[in-house]
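Chains as they are written, first to last, in the working numbering: chain A, -11 to 363; chain B, -11 to 363.
For the record, the hints were derived by calculation from the structure and aren't laboratory data. C-beta atoms are modelled at their ideal positions from N, C-alpha and C, and glycine is treated no differently. Keep in mind that the hints are not guaranteed to be accurate.
Sample of chain A residues facing chain B (criterion: CB under 8 Å; computed from the structure) [claimed, not checked]: (1) V75; (2) N76; (3) V107; (4) V144; (5) G145; (6) F147.
As a plain string of letters, each chain reads:
There are 2 protein chains.
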Amino acid sequence: MTETVTVELGKRSYRIDIGAGLIEGAGEVVTAQRPGVRCAIVTDDNVDAAHGDALRASLDKAGIGHTTLSVPPGEPSKCYAMFEKVVNGLLEARLERGDLVLALGGGVVGDLAGFAASVTRRGMDFVQIPTSLLAQVDSSVGGKTGINAPAGKNLVGAFHQPVLVLADTGALATLPPREFRAGYAEVAKYGLIDRPDFFQWLEKNSDEVFAFGPALAQAIAASCRAKAEIVVADETEKGQRALLNLGHTFAHALEGACGYDGARLVHGEAVAIGLVLAHEFSNRMNLCDADTVVRVCDHLKKVGLPTKIGDIPGPRLDADTLSRFIAQDKKVKRGRLTFILTKGLGQSYIADDVPPDEVLAFLKEKLTPSGNNLS
Amino acid sequence: MTETVTVELGKRSYRIDIGAGLIEGAGEVVTAQRPGVRCAIVTDDNVDAAHGDALRASLDKAGIGHTTLSVPPGEPSKCYAMFEKVVNGLLEARLERGDLVLALGGGVVGDLAGFAASVTRRGMDFVQIPTSLLAQVDSSVGGKTGINAPAGKNLVGAFHQPVLVLADTGALATLPPREFRAGYAEVAKYGLIDRPDFFQWLEKNSDEVFAFGPALAQAIAASCRAKAEIVVADETEKGQRALLNLGHTFAHALEGACGYDGARLVHGEAVAIGLVLAHEFSNRMNLCDADTVVRVCDHLKKVGLPTKIGDIPGPRLDADTLSRFIAQDKKVKRGRLTFILTKGLGQSYIADDVPPDEVLAFLKEKLTPSGNNLS
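Start from the sequences and build out the full structure, keeping to the hints where you can.
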């Protein structure tokens, strides 16, 4: 069964389909929406090997001309050089403004392909075909696209909405369990932002989600709906969209301090620890009750996610390094720290005047041998 | 006296000031609009030498912090490498989203700086301070920004409107006469698109324009107003904005066939010849009377612009090469040629079904020894 979510953005509204077999059916859906269109598939070498042929066969069947541009898998492909390669590839394929870029892959491919589409001929349309859980519930919804710069991640890019998202849950079966689990941290995040009922539902249904039962598509759809609602209210992140960063300021600092070494810590794992830290810090600021902190921590631990800094393998991280990364985060406004804090389960809000000293003191506590999670 | 034109684009509306001494007064204007802002001046080495100090002194006087990023002068700077350099420079200067990029220079600087601003932190605001006539009447108005790709010029970019344009007519005095004259071709173009009265006014006042009299600022203001009106009606070039390409399909082919060699032909000169060719071709298609063709040709010749292909120095161009460039132009829709043709003085329209054979036959006629302009 296919779930559908609509992102209501006026003329730029688009549909998110969620279900099994959507890659095999992509040609039919695309040609119904855009008769006569030609496509460029932008993907990475791993995803191409797993799903490229199925997508190409589907386009062939629908009579859609296509070309494939593949980049090496992994975060380093979100760079200027690959951006240039993909844009030039789209131009050499002689795609016209009305043609489509199909971003087939995880967050890296979606961000890179979307950004390339946004600037090719000053704006080509693109379709997201996310193949990781993280991309299905997060990066493929909302229109943030971009690459990394030496000064930091995601600092170069555009707000460019897709015209369609096809989230094929069948593709998730080929993911390594660790990556699937990491994506789940973002699913839980939507409950913790402002949907306590959804968090409660996840507490009950997470086993079925991890067993690829019908709850999986339902959880993805609920996540997309939650994100879409926030994006619609604040497309270009002037205000409320910042709520989506719950747990992320800590997460980015953890990733940075680990040198973005995926062997130690992948993004979703960092988010899981970041979510717990955000709740603990809120508790320390007398905003959030201790029971909620325990509940959040327990659920993430139950599905196998790390929940404390000490869970990260490798050299010990120190509080000063983490604080430095936090101060460099994009979410700094004229020198003051902006954090998403919470007043309880699903009651997060934007705090834009968090004293850096409090954060440092909190992290120092967390990183002393006795400074463990409440749980 | 400063002329003012407003580009009405709702929330993204902006003001174009036109007059002498605006660079010296920039700091005051910027700080009035954005108290507390910091700026990055993006410029080229020549313009920096001519006007950089005046702009920096003005910013200093207004207490505005600033940094300068300069690129080599000339079209080759509209490339991926300089794009990367400017974006990284803006990030290293730690500019925040609310800070400003000041594009000080001609069309190359404006296109490059505007594109860099549009993608830095997914969108920084920028101010155009155009220092060439071409940039003042054309590229700094309308929000088209971008760089060139191996596949063609301006194929990579964004629609990104400035928040303010300061067109300092004093800066034009330092331009080589040839460059000033080339910019005038775009001024005349606005009359020929849909403002016959303005063209007639230019016929009477061009001497004063070239003598830097008060008619200069008036001509620039009228041009900006004309362009703004078309841009407002069609910001992202889905329809009527194509009228701005009057003469440009031929012009781009001429520039391409000359290998973009500015010693032989600069853009405005190509536009002058392109305008005459568009009128001649319209006449050949029985759309435009011969008197209008003569009148257009006479006026452009009077101010010293080239008006026929044979005016271009160097090796003879041939019709097949030109036709090939025309077929490659961005303005091709599903294989059919889109041209801006005209039914008389200031009566241009979009013809989207021009037969390529007719164009080739026309160019062959033009390029036989006897195939000269009507005039």
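Hint by hint, here is what the structure shows:
no.: 1; hint: V75; result: holds, 6 Å
no.: 2; hint: N76; result: holds, 6 Å
no.: 3; hint: V107; result: holds, 5 Å
no.: 4; hint: V144; result: holds, 5 Å
no.: 5; hint: G145; result: holds, 5 Å
no.: 6; hint: F147; result: holds, 6 Å
The structure shown violates none of the earlier numbered hints.
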